[in-house]
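All chains, please: the whole structure from these sequences, using the hints.
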Amino acid sequence: FVSLNVYYYWFFAQHLMCCFYTALQCVGPVKPCVNNAACVTFHNGTGYCRCAPGFLGEYCQHTCTEGYCVNGGMCTVLMIFFSGQHCEQEDPCLSRPCANGGICTALPDREFSCTCPPGYHGPRCLNDTDECAFSPSLCKNEGMCLNTPGSYRCNCQPGFTGLHCEMYYVPCFPSHCLNGGTCQQMTDTTYICHCLPEITIGKTHTTDTKGNSWVTESTHRKRIPNHSNKHSLTL
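Counting from 1, one number per residue, gives the positions in the sequence shown under the UniProt record's numbering.
Simulated from the structure, these hints should not be mistaken for lab results. Ideal placement from N, C-alpha and C gives every residue a C-beta, glycine not left out. Take these hints with a grain of salt, some might be off.
[Unchecked claim] Using C-beta positions, here's what the derived DEER-type ranges look like:
#1 E90 / L146: 38 to 46 Å
#2 H121 / Q184: 41 to 49 Å
#3 P158 / D130: 25 to 33 Å
Pasting the structure below:
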């Protein structure tokens with residue numbers, strides 16, 4: 001957006017497109033707007049690039065710096081943004097009325113519409129969607145649904161796992177043992193990690209000459225003594 005003087009010279013400059021209405025679209029894998037510009041969609045499906053302060057052009061690809069305008073034109077970035085073929089409509093999306101990542105679409109008569117991301121709804125995407133109220137439940141196999149802001153979580157019954165508790169839980173697949181430990185399944189829901197001898201540099205640490213074993217039951221684990229000779233090693 002530039003001053004009135006620049007507008008009179010845009011035809012001669014050719015690359016300066018202050019009030020030129022284009023039919024670019026905001027959808028698709030390629031984003032048309034650059035330099036942190038926002039692509040705003042009109043109700044008819046077309047759109048335009050709303051430039052960040054200091055940028056202008058059809059795609060906000062130009063910087064409003066000294067020497068940008070030719071033939072004595074003066075470049076001025078305005079603080080108020082407008083839309084329409086003749087820049088006659090005030091942009092209702094300027095204030096970013098859509099919350100939680102909602103996409104604002106400018107409508108006639110200074111109205112706007114918000115397209116909400118999954119997990120939110122309402123005229124301005126302010127309301128959290130309670131996925132746990134859906135029927136049937138999103139959590140399978142008697143999993144307990146816990147609503148979270150913009151999403152949800154399933155707390156699975158023993159023996160089940162997955163985002164929706166849709167899979168049987170198989171110990172050691174994948175292995176939960178770290179640092180090279182070997183996983184051994186004990187029951188349908190428990191396993192043992194056979195650990196490698198452990199040495200911590202710079203600290204006093206008790207080392208088992210034959211290694212340590214850990215057993216995991218649900219979310220807790222307890223040590224299984226292997227009655228080996230132990231010694232303290234300081235490095």
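Consistency of the hints with the structure:
no.	hint	verdict
1	E90 / L146: 38 to 46 Å	holds, 43 Å
2	H121 / Q184: 41 to 49 Å	holds, 48 Å
3	P158 / D130: 25 to 33 Å	holds, 26 Å
In terms of the numbered hints stated before, the structure departs from none.
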